[in-house]
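Add 81 to a position in the sequence shown, counting from 1, and you land on the number used in our numbering.
By construction, these hints were calculated from the structure, which means they are not laboratory data. Relax, there's no trap hidden among the hints.
Restraint-style ranges between C-beta atoms, simulated for each label pair:
#, residue 1, residue 2, range
1, R101, G217, 34 to 40 Å
2, F124, R278, 44 to 50 Å
3, I125, I224, 19 to 25 Å
4, F124, G217, 20 to 26 Å
5, A229, P126, 24 to 30 Å
6, R159, L137, 29 to 35 Å
7, F124, I215, 21 to 27 Å
8, I125, A165, 40 to 46 Å
9, S98, A165, 17 to 23 Å
10, I144, S98, 36 to 42 Å
11, L228, I107, 21 to 27 Å
Glycine included, every Cβ here is placed at the ideal spot set by N, Cα and C.
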Amino acid sequence: GKHASERKCLRIPNNGSLRRVVLERITGFFLFGFMPGIAILHFIPGLKASDLGLVLPGRGWVIPALLFWLALITFMARYAGTPALLAHYPQIRTIPWGKKIQLINIFTWILYLSGYEFLFRGLLVFPLLGRFGITGTILINIIVYTLAHVHKDKREIAGAAVFGIFLVLMTIYSGSVWLSFMSHLTLALSNDYFSYRAHRRIQLLKQNKHDSL
82 GKHASERKCL RIPNNGSLRR VVLERITGFF LFGFMPGIAI LHFIPGLKAS
132 DLGLVLPGRG WVIPALLFWL ALITFMARYA GTPALLAHYP QIRTIPWGKK
182 IQLINIFTWI LYLSGYEFLF RGLLVFPLLG RFGITGTILI NIIVYTLAHV
232 HKDKREIAGA AVFGIFLVLM TIYSGSVWLS FMSHLTLALS NDYFSYRAHR
282 RIQLLKQNKH DSL
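Turn these sequences into a full structure, and let the hints steer you where they fit.
See the structure below:
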């Protein structure tokens, strides 16, 4: 049944050690955010923060953003416990997590996604709008964003494409990259929370079964 499938997915080899995940996220911040940011400031002097969406969105976005984030959390609450997702998430496979690991996970997600969203929803949105328009910018962005997920399974690639469209539209019409950053962070942390709970439940079930023998 369901628990048998979940137990099976736990046996899939996964090298998601804490050190490797932390290194990947820190490296990602520098590759996606810091280095491209330095490069574009060098080649395009006089560029303002608002030219790349590094401004706060208007107050009118508060309610729509909260509703969108609530929808993301609700979706992950239903989907994060499926065997397909449990085979890969949470990326940090050490279970149980202590407070230290929880804080490291949150901080490194914030660091990584700040660089990630700056690249995909900042550099690959605002500089393109004047030349390619909204439709062209969305198409270019989604193609590049989907290619960045090509190593994932088909369902995650499709999900990334749909999610990416929402993020690009939100970014364009709000004029801010921060909404997409917060949306992606909400998705990542809720995915980790619910997938971790599912793994922890399976671990306790196995432990109780072993103790009863």
